[in-house]
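Undergrad: Residue numbers (this note's numbering), protein chains in the order written: chain F, -4 to 257; chain E, 168 to 604.
Hints listed in this document are in silico derivations from the structure and should not be mistaken for laboratory results.
This one's a predicted model, so the numbers in the text were calculated from it and none came from an experiment.
Cβ coordinates follow ideal geometry from the N, Cα and C atoms, glycine included.
Among these hints, one or two may not hold up.
[Claimed, not checked] Here chain E is said to cover these stretches of chain F; the calculated rule only asks that three of the stretch's residues, wherever they fall, bring their Cβ under 8 Å from a Cβ of chain E:
(1) 139 to 153
(2) 159 to 167
(3) 170 to 183
(4) 235 to 242
(5) 250 to 256
Single-letter residue listing:
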Amino acid sequence: MENIKVPTMAEFMAEGKQPEVLFWVGCAGSFDDRAKKITKALVRILNKANVEFAVLGTEESCTGDPAKRSGNEFLFQMQAVTNIEVMNAYEIKKIVTACPHCFNTIKNEYPGLGGKYEVMHHTQFLKSLLDEGRLSIEGGQFKGKRITFHDPCYLGRANNVYEAPRELIRKLDAELIEMKSCKSRGLCCGAGGAQMFKEPEKGDKDINIERTEQALETKPQIIAAGCPFCNTMMTDGIKGKEKESEVAVMDVAELIANAQDL
Amino acid sequence: MNYIPNILFAIALISGIGYFATNVKKLIRNLKLGRDVDVSDNKSQRWRNMAMIALGQSKMVKRPIAGFLHVIVYVGFVIINIEVLEIILDGLFGTHRLFSTVLPASVYGFLIGSFEILAALVFVSVIIFWMRRNIIKIKRFWSKEMTSWPKNDANFILYFEMVLMTLFLVMNATDVHFQAMDTGNIISQHITSWFGNTSSETFHIIERTAWWLHILGILVFLNYLYFSKHLHILLAFPNTFYGKTRPKGQFDNNEAVTKEVKMMMDPNIDPFAAQPEGSVTDTPAKFGASDVQDLNWVQLLNAYTCTECGRCTSECPANKTGKKLSPRKIMMDTRDRLEEVGKNIDANKGMFKDDGKQLLDDYITREELWACTTCNACVEACPVSIDPLSIIMDMRRYLVMEQSAAPMELNNMMTNVENNGAPWPYNQMDRLNWKNE
Chain F
-4 MENIKVPTMA
6 EFMAEGKQPE
16 VLFWVGCAGS
26 FDDRAKKITK
36 ALVRILNKAN
46 VEFAVLGTEE
56 SCTGDPAKRS
66 GNEFLFQMQA
76 VTNIEVMNAY
86 EIKKIVTACP
96 HCFNTIKNEY
106 PGLGGKYEVM
116 HHTQFLKSLL
126 DEGRLSIEGG
136 QFKGKRITFH
146 DPCYLGRANN
156 VYEAPRELIR
166 KLDAELIEMK
176 SCKSRGLCCG
186 AGGAQMFKEP
196 EKGDKDINIE
206 RTEQALETKP
216 QIIAAGCPFC
226 NTMMTDGIKG
236 KEKESEVAVM
246 DVAELIANAQ
256 DL
Chain E
168 MNYIPNILFA
178 IALISGIGYF
188 ATNVKKLIRN
198 LKLGRDVDVS
208 DNKSQRWRNM
218 AMIALGQSKM
228 VKRPIAGFLH
238 VIVYVGFVII
248 NIEVLEIILD
258 GLFGTHRLFS
268 TVLPASVYGF
278 LIGSFEILAA
288 LVFVSVIIFW
298 MRRNIIKIKR
308 FWSKEMTSWP
318 KNDANFILYF
328 EMVLMTLFLV
338 MNATDVHFQA
348 MDTGNIISQH
358 ITSWFGNTSS
368 ETFHIIERTA
378 WWLHILGILV
388 FLNYLYFSKH
398 LHILLAFPNT
408 FYGKTRPKGQ
418 FDNNEAVTKE
428 VKMMMDPNID
438 PFAAQPEGSV
448 TDTPAKFGAS
458 DVQDLNWVQL
468 LNAYTCTECG
478 RCTSECPANK
488 TGKKLSPRKI
498 MMDTRDRLEE
508 VGKNIDANKG
518 MFKDDGKQLL
528 DDYITREELW
538 ACTTCNACVE
548 ACPVSIDPLS
558 IIMDMRRYLV
568 MEQSAAPMEL
578 NNMMTNVENN
588 GAPWPYNQMD
598 RLNWKNE
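Take the sequences, apply the hints, and build the full model.
TA: Dropping the structure here:
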């Protein structure tokens, strides 16, 4: 067990306090073994920067994104309204999340159902901490490493956030190299639209393999991601290409945390 | 004086414009088959989008070669059409080059000179376009959905433009009076010599023939639009105006569902209470879309606007990796079905008679719909703000909410979300366990 501080909203409430920001962990961040590491890396950074954050813990539930993108509007709205009730009861104003799907859903689709919050992707939040001087980023082991960033669709195209993750990577004194299709033309990892939870339709290739090939063209040492699902897809892609020993797939939060041995 | 040419011209003009107007009416009628949708928001953003994307071609040039050539043809089309105004006036009043008599020779020469240069540039660009399609065979022009009609349609448009530009230049080249002015004949003077020592009588006949073929060609082309992908030259403007202004990741929340969900969650609402007298239940007859009438009119406008360039399909991750899904096909299918429904209505005295067909399955298969990752690459790629993803989503909604016909694994995922608040079978009570692991 590591020494990390993860207070819940209920604990804050009991003390009659409000946290600065709610950390929305998301299903992947809570349950997926790979994504849990990203969650903890982010927590370590938040602890280091003395950010007073809280999580909902067992009161958090799926945002409804995979249900909505599958076409189940009813289930989506049930999830949304339940989550909104919880968050409104806690008078949540600001949310940070490491999952672009949660980010997009809460930011764009909750307001119409009564959930109006300031929502930030963790790369945006970390960038703001950096700008405010609350966080310093060191290159550490990543100095001079060749890093390519894979844009998550729901962060990039869906919400036009391209620069925050890149600025964080540059701060590591790493060599940020772009794939041929990046930013608004970035290729999907293949997980979105609930594809994560089903086998792909028949084709000549899996989408994550195509994207991994594009990433490998840049001869990277690290493929940086900003989404737990992209992370899984790219990790699988790298395994499929038998490149695990040469190329690591890491979240931007992990890069920052590991560089400082947090 | 002989008024026959004037009368013939007026008849051609009126029937050309008249037939086009009937088809425009039909198009509007067909659009209205779709559901209504509120597009009154973000007015200033909408005007900006139209100015930038349609008028300014900002997304066309994202692919520089095609974009550059397209800008030439587009600018050429818009500017050369000023000349059509003179042609129409000449035709109606029996004048010859009316503007040359009212404008100073230098101004007239400058105008016609610009048209000639543009005409030549358009001609060259169109040739390159034709080569890209038929000789270089760029992949996106040869995908599966590009069957014989879409391919022919694209080529017909290019031939039309080649012929019209040629006629315009020949008409100028053989116009003895215009050549004598010796201003603005910057391209056509070189073409004149191709005709050698032809008598002025023959020149006159060629000039008149070219003049007539040119204007008749324009009228035919105008009427070809409704049947062709070329309709985009008009519809790109309203389509970019009515296109999505919200973030691409934001999908609409179905209001009828919101009402039901709120009712379920609110302990103060009695779901069994009698509806107040005269109230209309606004639960839609159908969730999602299985046919064109279930889509909204902006989605239908999208379908008519699509010029089948295939940029969407070439960026689609599913299509790139060999799946059946092609966003362009979604748009082409929607238009084809809408046209079929429209013809059905025409044939049945204004009422749609069930033809046992629908957009789902008869045009768009489930396999295509389930292959989408909702990544918005198609939406981003479209140079005229078409949103194929919204149609895919509405059709998925129909499959799931009306037919419970999601793939098995997705049903499992949804059951998990419903029961334990996560897409995987973990207990919600274990959600914070990571903290202590």
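Undergrad: Could you run down the list of hints and mark each one as holding or not?
TA: Hint check:
1. 139 to 153: Holds: 4 residues of the stretch 139 to 153 of chain F have a Cβ under 8 Å from chain E.
2. 159 to 167: violated (count 0)
3. 170 to 183: holds (count 4)
4. 235 to 242: violated (count 0)
5. 250 to 256: Not satisfied, violated; 0 residues make the cut.
In the structure shown, a violation is registered for the earlier hints numbered 2, 4, 5, in ascending order.
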